[in-house]
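Given the coordinates of chain A, assemble chain B onto it according to the supplied hints.
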Amino acid sequence: MTIVKGVIRVNKPFLAGLDRLFLIVLLAAVAGCAPRGGATLTPLPPTVTIAPTVAPTETTVVPVPINPQVTNCNITPPPPQPNSPLEPGTLSRDIPCAFTFAPPDTLDNLQLGFDFNSWLTFAGLNAPADSDALIGQGSGVGGDAPTVWEQWKEHYEIMLPDGKTPAAWGTPRLIPPACQSLATSSAATLGKNPLVLSVVVQPFDTGPLIDQAGEYVLYGISVNRPMFEFLFQNQLYNQAGQANFAGDMLFPQGSVIAGTTGFIGAIMVKSSWKVMGPQDDPSQFHTTTALMYTPPSDNPKIEEACAQKTVGLVGLHVVHKTQTEPQWIWATFEHVRNAPTQAEVDRNSLLADYNFYQPGCAETVCPINQPPPRPWNPNVIPFPHNFTSQVIRLISLTSEVSDLNTSFQSLLKGTVWENYMLISTQWPTDGKSKTDPTGAPFPVYLANTTLETYSQGEVPQASSSCMDCHGNATDTQGRASDFTFIPQRAEKTP
Amino acid sequence: MDDKNHPNPLTRRQFLVLSLGAAAAAAVPAHLTGAAPTPMAKAAASAAELESFVQLSALLTGIAAEKLAPAVDPVNIKQVYFDLARKESGDTFQQLLSIFDQNQGKPPDEIAEIILTQSGAAVGNLARTLMLVWYLGSWYAPRDPPQYSNFPSSTVVSPDAYTQGWVWRVAQAHPMGFSPLIFGYWGQTPPPLSDFIVPGDQS
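Residue numbers (the working numbering), protein chains in the order written: chain A, 541 to 1034; chain B, 159 to 361.
Same shape as in the complex, but just chain A (with noise of 0.2 angstroms):
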């Protein structure tokens, strides 16, 4: 899988002008209000009102930590087959800090244990925000809220124009100017944190995901607490401070110290959302109001524009570093009805309909995992010339994870959330490796058939492989980034 580059500019960027003094004893006082766990959110008091009075001394400059001790990992061990059927009170909002297995040590056991691990991760970071009820127990419809996740930085936010100081942890989503206006006419339906998706292009640019109705995919990428602190105190959010930074880029990493004691480390999120249209069935997603930022373009021609819009959930990264895994752990997710298999399309054991494809429409007028002609514009809705994606899943599910997402799924059922399943999870088999700093993965390929759909298959270095593709990423200076292109948006300061 891969997170795409993509960039948002702000031209008033919220913190612009902020005296990183000011930052720093900021940061010192809410210092004992760290969160008790990665999945707890402490929001912080409005930053730009508050002055120091009186200069902070050396010795009263205590940033919070990168990465807190919590208390509260999610230590849950996996059945012991992926049929078994699961406890209800498997669903829980805590995470697991690291990985964990019951044995034996073998190949299939291990991905039994991550694909759990991934379901666990998924369940306690789609809990509620605004409560401490458990995944699907929200006050919307199927039990929908906004989830933990939603509310993390996206990563607009810290990567700023000129290279400016992003705000600090909890403070309200930054806006685009394009879109202020809207998000002040509708706070009451965005609220605090609206998701601000901007991106409608794959990685590599291969192209944009439109849907039965013409509309495109929206992208978004976020990260947690720890994840942002780590590149926010050693302030590598442009390219200055990433020259000066003399440390090796190694994000925090997850871990157990004992018992549920132990650090959460570093997740990064990447989310696809399709527009809820008339053909659709909101109680059937996961779903928020959005903005849908356009940034404005010259080739091909793109006015900016913004536009507020009701998305459901289809995909989902969740990457997690650990201290065991440190090329990270990929896990994917999907909504069940994005597509269909290429074993479900050659016996003809198709649904009604899908997000994605359109059962009966032959191949010429419906070319499989092709992206549509250019130009690329998300302002000109429906796409021209009535074209929508038909996109089919190259490689099936293992029956192994297909039975761990009817396990999850049955605990989910009345939500929303029974709607998505596990694609699987790609996890280092040999992460200590001398000779393979990807740590040979397993499974060899993933992908996901809404954010990597043109790069499905079975092809080394074609075909998506989280680790391989992720592995090459760099900072501005050309250091490796362990993992994550998120530094190589760094903007040079003025």
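Watch out, some of these pointers could steer you wrong.
Said to hold, decoys possible - If you anchor each label on the Cβ, the simulated ranges turn out as follows:
1) Gln-819/A x Gln-346/B: 48 to 56 angstroms
2) Asp-893/A x Ala-206/B: 48 to 56 angstroms
3) Ala-642/A x Leu-274/B: 43 to 51 angstroms
As the list claims (entries may be wrong) - Over 10 angstroms on every C-beta distance to chain B, these chain A residues come out as not near it, computed from the model:
4) Ala-786
5) Cys-846
6) Gln-848
7) Thr-938
8) Ala-1020
These are computed hints drawn from the structure, not numbers from a lab. All C-beta atoms, glycine included, are put in the ideal place defined by N, C-alpha and C.
Then chain B, alone, in the frame of chain A:
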């Protein structure tokens, strides 16, 4: 290679009886003797043969078995090569495995001598083909060594086999078009050869 192409054709049973004796014949897996094996016995025999194949491959390539076939093996190229060798060289492959099994207690050089020069051209040539497939990821039809000077045709087994070719790692490098190494590796000294071919890089 089929028996009809062997310079001195023997049936599988004749070969075993003549060259390995009655004791060896008694150790032949049930599926080779005509008795109907149970599914479990068949699976066990297959697993044992695969393990023999890995050990034989380690002997032929000089690369540790743990490197050729890690305990947690994400690519499982050994199974691909094993299935291919069995498909392409059926009886000769079984013969080669049996010879190896019967001589496992001997020093490696001695086993190699037996396989490459004392067991007939078919066995020796297949052993060379196995070396080539492990190193190059390509299958060369077994043939006498002099014929290799004529650039024999070969088939890349699969895209994964190409990336798994050991020639790249023995050269402390990577295949053209594919690299698991991180950005900037070309400016750094590669790890020592021992890290690539000898177990113990977990330290």
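Cross-check of the supplied hints:
The hinted window of 48 to 56 angstroms between Gln-819/A and Gln-346/B holds, with their beta carbons roughly 54 angstroms apart. For the hinted restraint 48 to 56 angstroms between Asp-893/A and Ala-206/B, the CB-CB distance of approximately 50 angstroms keeps it satisfied. For the hinted restraint 43 to 51 angstroms between Ala-642/A and Leu-274/B, the CB-CB distance of approximately 46 angstroms keeps it satisfied. Its beta-carbon lying about 17 angstroms from the closest one in chain B, Ala-786/A satisfies the requirement of being farther than 10 angstroms from that chain.
With a least beta-carbon separation of about 36 angstroms from chain B, Cys-846/A lies farther than 10 angstroms from that chain, consistent with its non-interface assignment. The claim that Gln-848/A lies off the interface holds: its Cβ sits roughly 40 angstroms from the closest Cβ of chain B, which is beyond the 10 angstroms cut-off. Against the 10 angstroms criterion, Thr-938/A stays outside the reach of chain B, whose nearest CB is about 14 angstroms from its own CB. In this structure Ala-1020/A is not separated from chain B by more than 10 angstroms, as the shortest Cβ-Cβ distance comes to only about 5 angstroms.
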